Every structure is written in structure tokens, then in C-alpha cells.
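Novice: This is what each chain is made of:
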Amino acid sequence: MSALEGYRILELANERIAFAGKLLADMGADVILIEPPGGDPSRHYPPFVDDEPGADRSLWWWHYHTSKRGVVLDLDKGEDRERFKALVAGADMVLESEPGSRLADLGLDYEDLCRLREDLIHVSLTPFGRGSANANVPVTDLTIMAGAGPVWSCGYDDHALPPIRGGGNQGYHTGCHFAVMSALTALFYRAGSGQGQFIDVSMHGASNVTTEAASYSWLVANQTVQRQTGRHASVDPTGDTQMRCKDGRWVNTGVPPRYPVEFARMLEWLNELGLAEEFPEAVFLEMGAALDGQINLSKIGVDEEIAAIFGAGRSALVLIAETISAYDFFIGCQSRGLAVGVIYSPEEAFEDEHFKARGFQVEVRHEDMGRTFRYPGAPYKLPASPWAISRRAPKLGEHDAEILGALRG
Amino acid sequence: MTLSEKHSSAGATTPGALAGIRICDFCGQLAGAGAAKWLAAFGAEVIRIEDPTREGRWDILRGIAPFVDERRGINLGGGFNNHNTEKYGVTIDVRSKRGKEMLAEIIRQSDCVTENFAAGVLERWGFGYEALKAIKPDIIYVSNCGFGHVGPYRAFKTWGPIVQAVSGLTFASGLPDEAPAGWGYSYMDHTGGYYMVMAILLALLHKTKTGEGQWVDLACTESALSLNGPVLLDWTVNHRPSRRDGQPDSNHSLSPPMAPHAIYPCEGDDEWVAIACRGDADWTALAGMIGETWTADPSFASLQGRMANQEALDRFVGAWTASRDKFEIQRQLRAANIPCSAVQKPQERVDNDPDTAGLWPAVTHTEMGEVRVDGIPARFSKTPWRIARSAPCLGEHNEEVFERLLGLSANDVALLRAEKVV
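So the protein sequences, as listed, match chains A and B.
Residue numbers for the first sequence follow the numbering used here, beginning at 1 and rising by one.
Residue numbers for the second sequence follow the numbering used here, beginning at 410 and rising by one.
In short, the hints are calculated from the structure, not lab data.
Mixed in with the good hints, there may be bad ones.
[As the list claims (entries may be wrong)] Below, simulated DSS-like cross-link-like pairs (lysine-lysine); rule was C-alpha separation at most 25 Å, straight line:
| id | chain 1 | residue 1 | chain 2 | residue 2 |
| --- | --- | --- | --- | --- |
| 1 | B | LYS509 | B | LYS791 |
| 2 | B | LYS618 | B | LYS545 |
| 3 | B | LYS566 | A | LYS246 |
| 4 | B | LYS791 | A | LYS85 |
| 5 | B | LYS791 | A | LYS356 |
[To be verified] A few chain B residues that face chain A, going by a derived Cβ cut-off under 7 Å, partial list only:
| id | residue |
| --- | --- |
| 6 | TRP534 |
| 7 | GLY535 |
| 8 | TYR538 |
| 9 | GLU621 |
| 10 | ASP626 |
| 11 | GLY778 |
| 12 | ARG781 |
| 13 | CYS802 |
| 14 | LEU803 |
[Claimed, not checked] Across the chosen pairs, the derived CB separations fall in these ranges:
| id | chain 1 | residue 1 | chain 2 | residue 2 | range |
| --- | --- | --- | --- | --- | --- |
| 15 | B | ARG533 | A | ARG244 | 34 to 42 Å |
| 16 | A | ALA221 | B | SER790 | 49 to 57 Å |
| 17 | A | ASP112 | B | ASN718 | 47 to 55 Å |
| 18 | A | THR238 | B | ASN761 | 41 to 49 Å |
Remember, predicted model here, so these are calculated numbers, not experimental data.
Note that the Cβ used here is the ideal one computed from N, Cα and C, for glycine as well.
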């Protein structure tokens, strides 16, 4: 039995809220996606299946609307507003990201809807929160992340290069994560109390509290972090953590060896690769292996011997990286207890044996095309109430008859 | 309601949305502690269990910067205080026989056990899922570790940047032909925590309906991989890899196509502005505002043309922004209905931005005094969040919690302390 089986959720189509609806639908909620006539603009976002544009061919649309059913309603028209209200009467939740005062102007805001369904949960996810002076300011994922903090912390050591927006619509995703945590919290409260409520989530706020030390360095100590290549933005500069391996691909080296056993394993690895002879600092690795306990990092600046040992650990990593592929470096380090990561492209991660073994690749049938495609799978595993893609994304108005028809009946 | 009241919950009288839920919590760092922070803010009783023999140092944030002043120590880490508000803190040496008995009794009275250790740690202490079920048959157990408890890499170690590297997120952040820029913070510690919150709440909802508990094996790398979205379908459906010429290029936008769409230099030291023209209307408005001859170049007339000539377009736009103030550009473009935002520095968005008013509640910490922390960007009409209590000092609530749950007196606790059990 899915965790959210039996809950009906109405989602007003908008690119900003789409992912929240997917997260709930893939956990078994009956999510009804409501589009205006002509469809939501994101139906036309590339890429397209076989690179042929079409309202039902957008892979953006396919991804963000799995497990949902779809109907068309023109909320600017009275009769469709009545249909919407009839749907609300039978729904548990409304999810929306409508601009400014649109819902209030239509007589469809929470104050109106909770009269139709007393225990309704209404989750509003808007760029700056309801009631903001900027409620009508247009935003995109880029501008949200620029204003809310993530962009300031990402980029390169060279500050002549612009700061960077991390890819993949993560500003939208973060807003949706807060919308879903809010929705589930409210559902749990309703299960015990019978009470619904209105929840006002701010995308700008969501990314503001998703910046780790950038926010709390300021809150606690009035300090400002500065961006660095591929590693944490920091008040004080820190050492590189990315290296390019023999195959030209990158790895994140994490923290270099600190424990005696790690120095011993590095030395052993150099020997296995036949590199120990050409590594002049091997003696310091031996000294590291003989240390009594882990290196005290605060002594690196004051104790020359400790600095030499620590430096040798890092140099050994560099030498090995220059000799083998990024993947072999990742596996080699991890199997020796060092927290290192290969920097995969998304599709390389998708094809990795670990994620395959965990069942991350799932198949979704597109019966209309007579084809089956592999989709990204569950973000978490709840064995008693599993995640699943129950159906492909809906075509425009695909479920008008079965959902709106049932209202008339 | 004023803006400053907007996010806060001062004076709330309704019980928290999660009141009555008790969490036996081993979470630390950010990936775990951030999750339990949400639960505590909505009224769950989160009992954070730490190791007295190592003074809770498994959570390195306990004792590292930022600090409020020159004092240092395991109760003074600013990040730790930020991530552990509204929780109870107790110490139990779970390797000792008496400690195991105490822990088992706390678990028996809890709804959920949460942890983000490396795979297998709790099991080695004798508290794997089977043991937890033996103590409480309907227990919810949520483990959050980098690669999860199942699969070939289950023994591998991670922290935020490693999770981001292995899942494609680091690769997808950067300029073409440069090193990966990645994420200047542990995006996946925050976000892994969000998935942990969802998993706990989903499991609680399932238990409400069925009476059944379960073990959620959350692999942070898997949550991260699921955030690559349409790029993965472009691979599986069209066989187009994202490792290709010209990619990654994450300040630009292919899906949906937008141009100009980038981060441009402004007047001053390291000042930048983000501009996104969604279509011809935004571009026409921006071109009119700039009013220079190059804007009439026919190669920029269509979206297709602007996408194809984005490098030249960015140079022109950047030359226009470079001599202007970022907030003035933001004001002008927003007035013309063009998406635009200054790249805000921490001080600007925390102290000077009306849209974050109320988002930084102050807590009073036993040793640090009054400190502001991250709040929650959601206003609940019936069950507002509350963040008023600071993170616990090490073992701060031993007496209170052990009396309430285990019926121990202050004297009993003093003896346990002397025996180094707590």
C-alpha cells in the first residue's frame, strides 16, 4: 500500500510547483493536474523525444508529471470554476504557485475553498511568499538562486569569472522540497486533528536557508564566505579538493590521509602501482604510518614534520591520480577507506552499477507510443509503502472524461 | 500581519503539528541534524543521543567555527547550534551494558529511530533494524547514509561534496572548458535532510493508517541522482549525454531556452546581477532599456538567433551592466517585468532584504547567549513552527529526559555520570 494512497491532490499546473506534485504522486497520491486550455507552457520545453517538438513530447514534461492525471479547466470561466470547486469538495489538498492575487481575484483562494472542504490543506509555493511587496516580480530558477544565496557561494577561485548557478533547476527543487515537507506535516496533523490549513511557502526563503555556512557565518559572526573552485565557499581560503586524473576526468579528493593506517595504505598502493621508487616523499608516508594516532590538523602550520607527512599524503594522491583513471582512483581510495568521489556526469552516475543494483533505473511504459523508457527512480526506499511511477505524464485533457465526467454524473 | 511576523510563530497556542511524536535521534552533522530540526520545530520530541566518551565529537560541527566570540569548545560551534534547535540532548555510552538498557527503554517509548552514521554502525552497537523491532515491533527506522545500506558501494564513505560529485550535481555546475565549479556548500547535506524529513513523515502516515513500521534505507547519493531531472531522460530516450562539447554551461538555459540568461558583472568589487529573458517580449523590453545600436543586430532578433549568438550577446549585455549598480539594474528590469536579481551577499539577503524578514529567529543558548539561526520559509495558518530553544549543550537534558522517560532521579543520573555511562 502506497503511503499516500487515498489522498486526492489538485495541482494547478505551473513549472514552479510541478516537482512537488511529482514527489507526492510517486508516493501514491491521486494528483490531478489542472491545465488551462492550450496547455501549460512547459509542455513545450526541450528536449523532446526523438528531438521532435510536440505538446506531448517534452521530456521536461514527462519527468515532472509522472503518476499524475490531467484535466483542462479554464478558471477564467464561471462554469469551469464551478467544476474546480466541485473537485475541491472531494480533494484533500490544493498545490499551486499562482501569481500575485490571481486566486483571490477568481474567488478561489483558501478562504473560499475551505468553505467547500473544511479540512482542506492548501499549499501555496510562490517566489517570495504571499503578501510580499515583490509578489508580482517575475522570476526564473536563475534569479531565485542569485537573490537567495546559492549563487554567491558557487564558482571559481578566480573571481574574474562569474559566480555560478548550479544546474538542474535546483532553486525550483528546493522550493518544492519545502512544499512537500509542509504538505506531509499538515497531512499528519490532519490525520490526528481533522483540521486542514493554509501554508504559504517562499521559494526565496527556501533557498536562503539552504546555503549552509554562508548564512550562519553571517548570523553568528558577521563573516562573509568567498567562493572557491569545486569546494566550500569559506571565510578563510582552503586547499584544492579537485584533481584531474589520467583520463582527463575529475575527482573530489575530500580530506587527504590523516590516520596512520591511511598512510600505510597509500604506501602499499604506490608499491602496487610500481610508483614508490619515483616518489621521493615515501619516507614521510612511512613516518605517517608510524604515528601515534591521527594528525592534528592544527599543527600543520607549526610542526614541520607533521606538515611534511600531511603534504606527502596529498602528493601521493596527486601522483596516483596522474597515473590511473578517475573511476579507478575513486574505487582505489574508497576501498582504502578514503572518502573520495569520482565527478560523474548525471548519465554516468545513472549507469553506475551501484545505483543499478539498488534499482534506481525504473521502466515506464508509454503505451501510446508502444515504447518503454528508463526513468530515474526512487529518492528513498520505503519497503512497506513503496515509491512508484504509476503512469506516464498526462496528455492535454487526457482525463477530462473520467474525472470531469464523474462530476456531472 | 507584518512582514516580521510573517514567518514566525511567537505567541502560537495551537500544539505543534507533530506534537506527541518522539524521535530517538542519533543524527549529526547537517544531513541528519537538519532533518530532525524540522521535526522538532513542529513539536516532535527529538531526543538527540550522543556519546559521552567522545564528548559527542562524532558531530564535528559541535566544536568548529563560526563562533560568537573568542571562546572555543564542544558547546560553542555555530553550525551545530543552527542545526539542532528545539532538540533535547542526552549522553549515553551505548557500548556499556547499562547504556544499552537505557537506550532500549528510550526506543521502546519512541515512534522513530533516526541516524546518519556510516552503514552498519548502529548494527554493531546491537541496534540494527531486527533488534529495534524486537524492542518495539512498529518502530520506524530511518537511516541516511551516502550510498545506503545496500549495493556494491555500501561501505564507501561520503560527505556532502562527495555525494554531489558521484551523483552528477557537481559536474552539472560550471562553465564550459573550466574545472567543475560544483557547489560551494553541502547542497546535498541540506537536501538529503529534506528527503529524510519526507521519508519520516511518509512512514508516520503509513503507520497511522496501517499500524505498521518500516526501515527506510535512504541513500543520499540516490536522492541526489533523482535531482538531475530531464537531463537523465535526454540520455535514456535520446541517448544524448550531458558530457558533450559546450556542456556543462549552467548559467545558461537550454530547457527552457532563454537568452540573454546569465550572470553579469556590475559596478563595484565582485558585484553581479542575474538576468533571464524568457522570450521576445523580455528581450525587446531589455533592448529598449539598453538603447545601444548593437541591440538592433538582426542576429539577436529571434530567440533562436540569441541562443546561437549567446557569447556575443553576453559580452554586450555585460559591458552595459559593468558600469551600473546591481540593485539599480534589478529595480529597472523588474519594473519592466524582466526576471532579474542582484547576486546577493550574505549580509544583503540576511539583514537588508524585506523578503527574509522573520526567517532568522533568535535563540538563547546556555553558553553562547542570543544567536540567530536559519528558520523555516513556510507559514502554517494553524500549526506554525517554533524555533525558540537553542541546540543542547552536551548532556544538557540528561536529568530531565532520564527522569521523564526512565524514572531516574537526579541522584541516579549523578551515579551514572560518575560511572561514565552518561
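Novice: State for each hint whether it applies.
Specialist: Evaluated hints:
1. Distance check on the hinted pair: LYS509 of chain B and LYS791 of chain B sit about 39 Å apart at the alpha-carbon level, beyond 25 Å; violated.
2. Proposed proximity of LYS618 of chain B and LYS545 of chain B is supported: the alpha carbons are some 18 Å apart, at most 25 Å.
3. As the CA atoms of LYS566 of chain B and LYS246 of chain A are separated by approximately 23 Å, the hinted pair is consistent with the 25 Å bound.
4. Between LYS791 of chain B and LYS85 of chain A, the direct Cα distance comes to roughly 23 Å. Compliance with the 25 Å bound is thereby established for this hinted pair.
5. At most 25 Å may separate the alpha-carbon atoms for a hinted pair to count; LYS791 of chain B and LYS356 of chain A exceed this at roughly 43 Å.
6. Hint on TRP534 of chain B is violated. Least Cβ distance to chain A is approximately 20 Å, over the 7 Å limit.
7. The restraint placing GLY535 of chain B at the interface with chain A is violated, with a minimum CB-CB distance near 22 Å, outside the 7 Å limit.
8. A least Cβ separation of about 11 Å between TYR538 of chain B and chain A goes past the 7 Å threshold, and the interface hint is therefore violated.
9. Annotation: GLU621 of chain B was flagged as interfacial toward chain A, and the flag holds, the nearest CB pair being 5 Å apart, inside 7 Å.
10. The criterion of a C-beta within 7 Å of any C-beta in chain A is met by ASP626 of chain B, whose closest approach is roughly 5 Å, and the hint holds.
11. Hint on GLY778 of chain B is violated. Least Cβ distance to chain A is approximately 11 Å, over the 7 Å limit.
12. Hint status for ARG781 of chain B: holds, given a least beta-carbon distance of 4 Å to chain A, under 7 Å.
13. Restraint check, CYS802 of chain B versus chain A: the minimum CB separation of about 16 Å is more than 7 Å; hint violated.
14. For LEU803 of chain B, the shortest C-beta to C-beta distance to chain A is roughly 19 Å, which exceeds 7 Å, and the interface hint is violated.
15. Between ARG533 of chain B and ARG244 of chain A the beta carbon distance is about 37 Å. The supplied range of 34 to 42 Å therefore holds.
16. Range check, ALA221 of chain A to SER790 of chain B: about 35 Å between beta-carbon atoms, so the 49 to 57 Å window is missed.
17. Our hint of 47 to 55 Å for ASP112 of chain A and ASN718 of chain B holds, since their Cβ atoms are close to 48 Å apart.
18. Checked against the hint of 41 to 49 Å, the C-beta distance between THR238 of chain A and ASN761 of chain B comes to roughly 28 Å, which is inconsistent with it.
The structure is inconsistent with the numbered hints 1, 5, 6, 7, 8, 11, 13, 14, 16, 18, although it conforms to all the rest.
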